[in-house]
Structure formats: structure tokens, C-alpha cells
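Please construct the entire structure, taking both the sequences and the accompanying hints into account.
One-letter residues, chain by chain:
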Amino acid sequence: MAVHGESALIQRVQKGDLDAYGEIVREYQGSVFNVCLRVLGNIQEAEDLTQEAFLRAYRNISQYDPSRPFGPWMRVLAANLCYNHLKKARLVRVPLEDERGLPNQNPQRGPENFLEISQEHQELYQKIWELPENQRVALELYHFQGLSYQEMAREMNIPLNTVRSHLYRARQKLASALEEE
Amino acid sequence: MSDQNHPIQGDQLQAYLDDALDAAARAEIQDHLEICPDCREQLARLETLSSHLENLPELDLSKDLSGLVISRLEEENSLSPAITWTLVIEAIAAGGVIAALIPAFQAAGWLPQFREFRLTLSAAINVFLTQLASSWLVWWAGLKLQLNQLIGTAPALKGLAPGNLSPWILIGSASILAVIINGLLLGRGTLPGSNQNQMQP
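These protein sequence lines map, in sequence, to chains A and B.
In this text, residue positions in the first sequence follow my numbering: the first is 1, and each later residue adds one.
In this text, residue positions in the second sequence follow my numbering: the first is 182, and each later residue adds one.
For the record, the hints were derived by calculation from the structure and aren't laboratory data.
Hints are not guaranteed to be accurate.
[Said to hold, decoys possible] If you want the ones that stay clear, here's a sample from chain A, every Cβ over 10 Å from chain B, calculated:
(1) Q29
(2) P132
(3) E180
[Claimed, not checked] With the C-beta cut set under 7 Å, the calculated list includes, among others, these residues of chain B facing chain A:
(4) I189
(5) D192
(6) L224
(7) R226
(8) L227
(9) L234
(10) E239
(11) D241
(12) S247
(13) L249
(14) V250
(15) L254
Quick caveat: nothing in here was measured; it's all calculated off a predicted structure.
The beta-carbon is built from N, C-alpha and C at its ideal position, and this holds for glycine as well.
Given below as C-alpha cells:
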């Protein structure tokens, strides 16, 4: 979507034009779904949170600055929503022996093209989903959304050193997993 | 790299890779990398991982969610004005009832049959009015949520959003209201007593 076209669409959305918002949703739903799927590791939850993220974005659209690209704003909003969802789920979940927060889905039941991607990439997805929640979110915000350490600390509401630590541990685990292949 | 005595730790290498170091720290690590094969290997591992993550293909969303999102927003938009105006009317009605009941209960304290129970009655009125004021605040909180949703869809009205009202202003207003009510009750409460003394033979 051309930047000026997107900006015009967003301005229509800010005036309450739902048809324009439908176009925005169709444009970004794929990338937002992938953010949710990488963080949550569960197809159904990822679809639900994708919808919820677009609903929330619409309700807060007056806070969005149309001079900046919509995609990154939307995807960080989705990642943040998933992070909060995981934190809430952890609070109500009965504590398990394994506190790593493993995703509760079988990824083989995943999107239709999951089995079409290379074995190496399938395994990388599996390893990402096996990371503890905080590390998964840190990885998402840094590697996939391009946030700085400071921005991640603000989004995750945790100290800068903790951000570095989550990211470092996530990378060490994934790097070791890649070497084992 | 897990060796705590090693001059460069893994998280420093990470910061080096992410270009999150100042010039001096960066130069120090560059110098170290020239003489340390372990750190070079570690850095290469992190770079390989970054490359893998960068090339990770996205997965397909199996259905179009736009219809669901838009229909939910249409539903919210159609409900909001009705709920909002119901809450506005309820809040105004509640405020009106409070305003009307204050003088009514104060007047009741002057009725001859209540003279003996003036203090008890004043305390009961206080409790009742406090509860009414609390209920009104709860109504107002619900109203704020609805008004925010409604006004959020109309940018021209953004400045009027009640969400801009600090909760401290609400709490402060409620406290001032309570003080005024108590002041009125106590002020009025002394009059019947003094009249009563004057009327005693």
C-alpha cells in the first residue's frame, strides 16, 4: 500500500469510515497474525488476538500519528496485546512443574503452509515456541519489529537490563538449537 | 564465554552485534575479537541466528478476519449512543435525586416528631447521602467509559472526552461534596436544638 494512500485511508478511518478500516485490516491482518502466532504459538489464540488487536487499534486510532507508517504501530500494539494476554493467562493458570510457559498447541495443526516451509524453518518455529514467554516477546520486538532496547523496555514495562537478559537467553537457546540440527 | 573471568561477556557481544554500545566500548570489543577465537565464534553464532530469523517465512492466515472485525465495530457503534444516553440520563437523574434529597432530609430533622432523634437522624442521613454519592460516582465511571468510546470515533469532540478528567479531580470533588453536605447538616442541626431550648417553659 502506497504511503500517501495509506495516510488518506487512515484519515478516513479517524473520521469513522469503517469501509476504509476494512481495507486496512485486509492489508495488515497477515503480518499481525504472524506477530501473534510467533508470540503465542497457538493458531486459535493468534486469530482471536489478531481480531482483538484491530479492534483496539480502531478504538485508539485518534492516538495514532498518520505521518508515521501504520504497520509497525499496529504490529507493536499486537505484540504488546499478546504479551499482556500471556501475563494474564499465567496468573490464572495452575502452576505447572515446567515453568517455561510452553505453548499449548501442536504446531502441526498450524497454518496450511506450515508443512510447506522447510524442515529447518519448521524447527526454528518450534524452538521459538518453546522459549519462555518473556524471551519470545523480547525476540519478537527486537528481531521482527526492530525496536531498540529502550523501546522494548518501555513496551514490556521492565528494566533495560532485564530486556538484554531475556534477549540474550533467547538467542543462546536458539543458536544452540540451530547447532544441534 | 560462560567464564566469568573472561574480559568480554556474552551480553556485551550481543550489544556489539546490536550496535548498542558507545564508541569506546565498541573499540574495546573490536580489539578483543582480533585476539579471541572463542568470541569470534560466539559472534558468528549470533549473526547466523539473526540471518535465520530474518529469513523465517511468514505463515498464512487461513481466513479473512476483516469482516468479523468490521461487524464487531458496527455492533459497538450502534450500541454506544443508546447506552451512553441511558447512562447520561441515569447520572443526571441520580444527581437530581441527591440534590432534592439533601434539603428534604434536612427539613425532616426540624419536624417536631423527629426532634428527639435529631442526632441519630443526622447520622443516618450522612450514611445515606454518602452511599448515594458513591453510586453516582460509579454511574459516572461507567458513563466515562461509554463517552470515551463514543467520542473516540469523533475526533472533533476529542477535547471533550471525559477520559481527560483526572480521577483525582473526581475524588477531590466527592470529598468537597461530602464536606459541604456534613457542614450543611451540622449547621442546620444546631438550629432546631436552640429553638427547642427557647421554647421550653
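### Message
Interface hint check: B/L224, Cβ to nearest Cβ on chain A, cutoff 7 Å. Holds or violated?
### Response
Status violated, d = 11 Å.
### Message
Quick check on the hint: B/R226 CB to chain A CB, less than 7 Å?
### Response
OK, holds: B/R226 within 7 Å of chain A, min 4 Å.
### Query
Is the nearest Cβ of chain B still more than 10 Å from the Cβ of A/E180?
It holds; A/E180 is separated from chain B by about 12 Å at its closest Cβ, greater than 10 Å.
### Hint check, B/D192 versus chain A [nearest Cβ-Cβ separation less than 7 Å]
holds (5 Å)
### Query
Against chain A, with CB atoms and a cut of 7 Å, does the hint on B/L249 hold up?
holds (6 Å)
### Message
Verify this label for me: A/P132 is non-interface relative to chain B, using a Cβ-Cβ cutoff of 10 Å.
### Response
holds (17 Å)
### Query
Does the nearest C-beta of chain A fall within a distance shorter than 7 Å of the C-beta of B/I189?
violated (13 Å)
### Query
Quick one, is the B/D241 hint okay against chain A at 7 Å, beta carbons?
Holds, about 5 Å.
### Query
Taking 7 Å as the limit, does the beta-carbon of B/E239 come near enough to a beta-carbon in chain A?
holds (5 Å)
### B/L234 as an interface hint toward chain A, with CB separation required under 7 Å
holds (5 Å)
### Query
Do the numbers back the hint for B/L227, that is, is its least Cβ distance to chain A under 7 Å?
Holds, about 6 Å.
### Message
Tell me if the interface restraint on B/L254 is satisfied: Cβ within less than 7 Å of some Cβ in chain A.
### Response
Because about 6 Å separates B/L254 from the closest Cβ in chain A, which is inside the 7 Å limit, the hint holds.
The structure fails to meet hints 1, 4 and 6 from the earlier list, while all remaining hints are met.
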